[in-house]
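There are 2 protein chains.
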Amino acid sequence: MNPTTDASTSLLTDMYEYTMLDAALQDGTADRRCVFEVYTRHLPDGRRYGVTAGAGRLMEAIGAFRPSEDDLRFLADRHIVSARTLRWLEGYRFSGSISGYREGEPFFPDSPVLQVEGTFAECTLLETLVLSVLNYDSAVASAASRMVSAAGGRPCMDMGARRTNEWAAVSAARSAVIGGFQGTSNLQAAKLYDLPAIGTAAHCFTLLHDSERDAFVSQIQAFGKGTTLLTDTYSVEEAVRTAVEVAGPDLGGVRLDSGDLASLAQQVRTQLDTLGATKATITVTNDLDEYAIAALSRAPVDSYGVGTQLVTGSGAPTCAMVYKLVEREGADGSMVPVAKRSAGKASVPGRKLAFRSYADGRATAEHVVAGGERALAGFHTPDGWRGLLVPYISEGQVNPEFVGHDALLRARDRRTQALAELPIAAMSLMKGEPVLPTLTQVIA
Amino acid sequence: MNPTTDASTSLLTDMYEYTMLDAALQDGTADRRCVFEVYTRHLPDGRRYGVTAGAGRLMEAIGAFRPSEDDLRFLADRHIVSARTLRWLEGYRFSGSISGYREGEPFFPDSPVLQVEGTFAECTLLETLVLSVLNYDSAVASAASRMVSAAGGRPCMDMGARRTNEWAAVSAARSAVIGGFQGTSNLQAAKLYDLPAIGTAAHCFTLLHDSERDAFVSQIQAFGKGTTLLTDTYSVEEAVRTAVEVAGPDLGGVRLDSGDLASLAQQVRTQLDTLGATKATITVTNDLDEYAIAALSRAPVDSYGVGTQLVTGSGAPTCAMVYKLVEREGADGSMVPVAKRSAGKASVPGRKLAFRSYADGRATAEHVVAGGERALAGFHTPDGWRGLLVPYISEGQVNPEFVGHDALLRARDRRTQALAELPIAAMSLMKGEPVLPTLTQVIA
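Quick mapping for you: the protein sequence lines, in order, are chains B and E. Each residue of the first sequence is one higher than the last, beginning at 2 in our numbering. Each residue of the second sequence is one higher than the last, beginning at 2 in our numbering.
For reference, chain B alone in the conformation it holds in the complex (with noise of 0.2 Å):
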């Protein structure tokens, strides 16, 4: 089961989006015309993109968004919202209209990554969903971006599932393969986006055994001589001897999880090959983060495991997007552009729309187009822009082709294309300003 789509996500909210649900219906504008927007004032410190992730899953979660008898029990018991509040919320089921970026796609601070339109009174439930869903899953997948830069053509593959919530760890699979990982050590991701399952053994293997050997022998019979091997539960030079001896030179692969792991695997491949296991591949896991692996670039490294700092966006484990609303309906029925003027945290009113620029195949700036309806609906796209937004639900109807498998392998490879539009400056680990420039324009 997935709660994401099983459980009814109603109460994934925080107070105040039911309160001001209430009060909205009391005094008449919960039904007002409203455009909301999802952005970050600001990349975390130093980084250059950050990856857009979890639109896809966000999608199956406002689909699951209908409050059940439990659900509404709960909200009267606690006198959150009135009676007629409760009725209201019995028939509810988001018919708005939901566009932004593709999953996959590169963003930059005031990208606006999601714009969720329809009434004050159904737009309003799902700020935090939204929220939680765009903020985890993008800087997983920002991070995961980076890893998979630094690697090179080599796989990165996911092992984060400790170190997080058990249900953030499913869906920071998900986010990793947008980021261009290959696979993952957590079934329950696996099943449910029919992600490739991987896993070698832990050392209570090893320790469970009388002998290294007997767990080899044990895990050799089992899966063959295929499987990768864990061989630094004791000397990391005897088990590969060990390894090669049980299982021959076609044993599949050995995973070194402790050490310099630079000169271990040099050590490892060298032993390996001397003792014919040419073919034989290294892994290596162990708190590896993006600096980590660029540091192994040259050391024999054929795969990498990455756990902590995967699941936590190393370093940056929320994007910081906010959801704010740019254009509301006014007392005469036209839609009125707002923005609050809080210190250091002003918004640009109006619903924007959203173009990446290009020459000679790279990209140069991401534009942001604010204005009224009816200004952005006469604006002419110059020659060599790229429209950004792209429609996930119209009235209530999602577009299939961003949710589910398929989709998700498509966001991947937008990453890997986008990417590699980018200023070259985008590969860098180096500190420093986003690759692009985001220009807001204001058009009347």
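Treat the hints as calculated values from the structure; they're not laboratory data. Take these hints with a grain of salt, some might be off.
Which copy is meant is left open, because identical chains are indistinguishable; a pair holds if it fits in one copy or across any two.
Calculated lysine to aspartate or glutamate pairs in the EDC-like style (CA-CA distance at most 16 Å, straight line) [stated by the list, open to error]: (1) LYS346 with ASP261; (2) LYS280 with ASP303; (3) LYS192 with GLU118; (4) LYS192 with GLU70; (5) LYS192 with ASP78; (6) LYS280 with ASP251.
Given chain B, work out where chain E should sit, using these hints.
Relative to the frame of chain B, chain E by itself:
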């Protein structure tokens, strides 16, 4: 619905747990009795102590670890385990014993926060689930505890749901309470764990209306004068004046979410008092962490709403806890202490006892006593030592003392009391060594 109890948790694992089970069932070691222990090798950089959290929630998740038909079909279709193992899994139910630190109990490097005992087969399957829950929940509780200390007696409220995975947010709210928080904005957590739900209004509510005054009037009509109004959408000074005009001197409170909160709170307090709203409270929010809270200690603030830094562990989003086999049955039926010798990650063999020693009412050290079963059975607890391990599950039976709502409140009390007994440096936000040394002794 609660995905940690109503959903099968049996695929919230890494694949290798199932493949190790499969190999062990084939080679005959699966039934060997084992003791696994959970501990961390170090606290996050400069932290003085950690706060245990998650075990109560974990017991429910372990109860839900019953592979569904759908889960079994997945394991079969992917050829992850053999037919024999599938049959074994059909009847899976953890029948071993688990003891560990109480929720709310401080922990230190090498503290055995959880011990899991049973056959290899039944224990190895739980590795990832155990670690996911304890690592994330304890990270949040540890951060929360520092914030609560920094806040003096002022209440701290969880408002972090939007900055972490949507289901992680639910457990974060629970962990925040263990760390001393008073309530949460997250409705799913409020419902599931019977916590006080709190909330004010968002900027969009003000922007939705034709004027700030309209928004305030609406909120007060819906929720009474005791409500808390958000006063930084436009001009704070004007908003506070409007708030008191609309609500009168009985205005419940205002929230400030931007700007220099210390000077702003002072200015708003003076204005409220001048306008006669002397009892109106001031809530501040805006990326608070323990340092920002400490810096506001002399500002006239009544409560803190904490988001990002709470749910991301304030720079330490995981506790780096590991799940290690420390003792297992040998071929002759006797228990054998075991340990890996991996570089930098060596473990201490043998099951542990854990105590805290005191002098004059203050804790002086964390004591970890390791040894074989017989040695530990004969260990005589020195005077002034307090045992830290309590029974969560005994031969498959969950101890009701440590699960559910009352246990959660006891956990919060436990943290308060235990913290008061730690050396005074525990309250310091300065980086330093753990306030208690962990003294490990191995007895024969």
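Against the structure, the hints come out as follows:
1. LYS346 with ASP261: Between. Shortest inter-copy distance 12 Å satisfies the 16 Å Cα cut-off; intra-copy 45 Å does not.
2. LYS280 with ASP303: Result: close within a single copy only, 10 Å intra versus 65 Å inter.
3. LYS192 with GLU118: Neither. Shortest intra-copy (33 Å) and inter-copy (29 Å) distances fail the 16 Å Cα cut-off.
4. LYS192 with GLU70: between (29 Å within a copy, 13 Å between copies)
5. LYS192 with ASP78: The answer is between: 10 Å across copies meets 16 Å, while 37 Å in one copy does not.
6. LYS280 with ASP251: within (7 Å within a copy, 78 Å between copies)
Of the numbered hints listed earlier, the single one contradicted by the structure is hint 3.
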